[in-house]
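Chains as they are written, first to last, in this note's numbering: chain A, 1 to 223; chain B, 1001 to 1253.
For the record, the hints were derived by calculation from the structure and aren't laboratory data. From a predicted model like this one, the values you see are computed outputs, not experimental measurements. Treat the hints loosely; a few may be bogus.
Claimed, not checked - Coverage of chain A stretches by chain B, computed from C-beta distances (three or more under 8 Å per stretch; other residues unrestricted):
#: 1; region: 4-12
#: 2; region: 20-26
Claimed, not checked - The calculated DSBU-like cross-link candidates involving lysine-lysine, where the alpha carbons are at most 30 Å apart (straight line), are:
#: 3; chain 1: B; residue 1: Lys1070; chain 2: B; residue 2: Lys1119
#: 4; chain 1: A; residue 1: Lys215; chain 2: B; residue 2: Lys1104
#: 5; chain 1: B; residue 1: Lys1128; chain 2: A; residue 2: Lys220
#: 6; chain 1: B; residue 1: Lys1134; chain 2: B; residue 2: Lys1090
#: 7; chain 1: A; residue 1: Lys49; chain 2: B; residue 2: Lys1070
#: 8; chain 1: B; residue 1: Lys1128; chain 2: B; residue 2: Lys1104
#: 9; chain 1: A; residue 1: Lys215; chain 2: A; residue 2: Lys161
#: 10; chain 1: B; residue 1: Lys1020; chain 2: B; residue 2: Lys1090
#: 11; chain 1: B; residue 1: Lys1119; chain 2: B; residue 2: Lys1090
#: 12; chain 1: B; residue 1: Lys1020; chain 2: B; residue 2: Lys1070
#: 13; chain 1: A; residue 1: Lys216; chain 2: B; residue 2: Lys1104
#: 14; chain 1: B; residue 1: Lys1090; chain 2: B; residue 2: Lys1070
#: 15; chain 1: B; residue 1: Lys1119; chain 2: B; residue 2: Lys1134
#: 16; chain 1: B; residue 1: Lys1119; chain 2: B; residue 2: Lys1104
#: 17; chain 1: A; residue 1: Lys161; chain 2: A; residue 2: Lys216
#: 18; chain 1: A; residue 1: Lys220; chain 2: B; residue 2: Lys1104
#: 19; chain 1: A; residue 1: Lys49; chain 2: A; residue 2: Lys161
#: 20; chain 1: B; residue 1: Lys1119; chain 2: A; residue 2: Lys220
#: 21; chain 1: B; residue 1: Lys1128; chain 2: B; residue 2: Lys1090
#: 22; chain 1: B; residue 1: Lys1134; chain 2: B; residue 2: Lys1104
#: 23; chain 1: B; residue 1: Lys1134; chain 2: A; residue 2: Lys220
Glycine included, every Cβ here is placed at the ideal spot set by N, Cα and C.
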Amino acid sequence: MQYEWNFSVVWDYRAVLLAGLLHTVVLAIITIIASMILGLILALVRNSKIPFVYPTISTFISLTRAVPVLVLLVWMYYCLPIITGLKLDGYTTVIIALSIYSSAFFAEIFRGGIQSIDRGHIEAAHSVGMTRRQTFQRIVAPLAFQRIFPPLVNQCILVLKNTTLAGYVAVPELLYLGQQVSIRTFRPLELLTAVAILFVVTIVPLTLAAEYFEKKFHEKYFR
Amino acid sequence: MSLLTIRNLHKTYGSLEVLKGINLTVEAGEILGFIGASGSGKSTLLRCINHMEVPTQGEVELEGETVGVKRVGDRLVARSSAELSLQRRKMAMVFQHFNLWPHKTALENVMEGPVVVQKIDPQTARTKAMAALKRVGLAEKADAYPSRLSGGQQQRVGIARALALEPRIILFDEPTSALDPELVNEVLAVIQGLANDGMTLIIVTHEMRFARTVCDRVVFLEHGEIADAGPPSHIFGPEANPRTREFVGNYHG
Chain A
1 MQYEWNFSVV WDYRAVLLAG LLHTVVLAII TIIASMILGL ILALVRNSKI PFVYPTISTF
61 ISLTRAVPVL VLLVWMYYCL PIITGLKLDG YTTVIIALSI YSSAFFAEIF RGGIQSIDRG
121 HIEAAHSVGM TRRQTFQRIV APLAFQRIFP PLVNQCILVL KNTTLAGYVA VPELLYLGQQ
181 VSIRTFRPLE LLTAVAILFV VTIVPLTLAA EYFEKKFHEK YFR
Chain B
1001 MSLLTIRNLH KTYGSLEVLK GINLTVEAGE ILGFIGASGS GKSTLLRCIN HMEVPTQGEV
1061 ELEGETVGVK RVGDRLVARS SAELSLQRRK MAMVFQHFNL WPHKTALENV MEGPVVVQKI
1121 DPQTARTKAM AALKRVGLAE KADAYPSRLS GGQQQRVGIA RALALEPRII LFDEPTSALD
1181 PELVNEVLAV IQGLANDGMT LIIVTHEMRF ARTVCDRVVF LEHGEIADAG PPSHIFGPEA
1241 NPRTREFVGN YHG
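Between the sequences and the hints, there should be enough to build the whole structure, so can you do that?
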């Protein structure tokens, strides 16, 4: 039996799919910004000497990383309102759940980057009289950023792909809309292929750009 | 008043006592050498001077001001990060492994302190930094990143970075130990030049010949204590204590 491909449905529903892609990208951008900020705060505050801060943040990070992101999302959508009485719409829930989840990973990336900086570079900064804050801004942060750039891009790509889970709480992202269209047209294979291609053409250029910048850094500073 | 006074300085790591009560004064314009075996505490002593290591007990005084701590009533309390940084730039440091910042050019490495810490306007700082680079003979490498410089050149940039702060003292932590033998002399020549210009220098070194010819006074440390001190003619002469003679002898032999 031969399957007859018919990609004309994809073209017919192009506006729906592109709207889905736009939702996906917007969700991803908001989540990436929120989780990077949260992750950076977690990484910076974690080592403070204030009592209970370190164990609290460490526990938060390990718990968050241990829960599958879909479980976290669905739990926040259905269970949280029962427990707290607070009912958030799907869009907000997705952003909060994905941001919390990703922040744990960003925090670990930032921590690794900060810890990887040669103690000597920090001492040199102190020796010319830089305060701790100046040392972080002028020396540690730029050096760490170059080092964590590849895993950072990686994590951003994971966030982008994790947005496909938003469909579970009926947020109309790309995969969700693709499935809606396929139910209507009975063409799931064509629509899944189209969804896959749209993800690839969004993500691959990002990867290439990241590789380009990484190479630039390296040529400039480390030959 | 001496430029620098070290009083009853102790440093312990856990149960390991690295410094056991050091007393020492340094006069302006003096070139002081610290020698001693690995683990004798000479680098720790140097690093306690600018509070890179926090002394367990005792104090360091620069121009009458206690470094890193201050007296409040009859207690010693830690100075703020800003106060300490103000003191540290009076005691510039040159490191064994250079520690140039890899994301900044030679010139930017030298300018960083004056611009960020002393808030000197970048144009003036650039002129001063170029002068410092010229002094170490590296004006033509101003725009090179550290990765493109040899070890000797990197260390000379490290010295220029220290000079640009216009410090009272420069602390050298084994400045030639990480260098290939053929690069040692270019760095020693620069240090010799600073000594001739009347700067105050404290140098932790394994270069006995250098300590002998450049230093006004050499301190021999053993097991965290000053075992012997005096002008090179004493330390490297027949009058030195037997342990000093043995230590110095191993280098000649």
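Hints and how they fare:
1. 4-12: Per the Cβ count (0), the hint is violated.
2. 20-26: violated (count 0)
3. B:Lys1070 x B:Lys1119: Between lysine 1070 of chain B and lysine 1119 of chain B the Cα gap is close to 25 Å, so the pair holds against 30 Å.
4. A:Lys215 x B:Lys1104: At roughly 17 Å apart (the allowed maximum being 30 Å), lysine 1104 of chain B and lysine 215 of chain A satisfy the hint.
5. B:Lys1128 x A:Lys220: Holds, because 25 Å separates the two Cα atoms, which is no more than 30 Å.
6. B:Lys1134 x B:Lys1090: 21 Å, holds
7. A:Lys49 x B:Lys1070: 22 Å, holds
8. B:Lys1128 x B:Lys1104: 17 Å, holds
9. A:Lys215 x A:Lys161: This hinted pair holds, its Cα atoms lying about 25 Å apart.
10. B:Lys1020 x B:Lys1090: At roughly 26 Å apart (the allowed maximum being 30 Å), lysine 1090 of chain B and lysine 1020 of chain B satisfy the hint.
11. B:Lys1119 x B:Lys1090: 15 Å, holds
12. B:Lys1020 x B:Lys1070: 22 Å, holds
13. A:Lys216 x B:Lys1104: 15 Å, holds
14. B:Lys1090 x B:Lys1070: Holds, at about 17 Å.
15. B:Lys1119 x B:Lys1134: Roughly 22 Å separates the two Cα atoms, so the pair holds.
16. B:Lys1119 x B:Lys1104: Judged against 30 Å, a Cα distance of about 18 Å means the pair holds.
17. A:Lys161 x A:Lys216: The hint holds at about 27 Å.
18. A:Lys220 x B:Lys1104: Holds, at about 10 Å.
19. A:Lys49 x A:Lys161: Measuring from Cα to Cα gives roughly 37 Å; hence the hint is violated.
20. B:Lys1119 x A:Lys220: OK: lysine 1119 of chain B and lysine 220 of chain A at ~27 Å, within 30 Å.
21. B:Lys1128 x B:Lys1090: Satisfied, since the Cα-Cα distance of roughly 17 Å is no more than 30 Å.
22. B:Lys1134 x B:Lys1104: 18 Å, holds
23. B:Lys1134 x A:Lys220: Judged against 30 Å, a Cα distance of about 24 Å means the pair holds.
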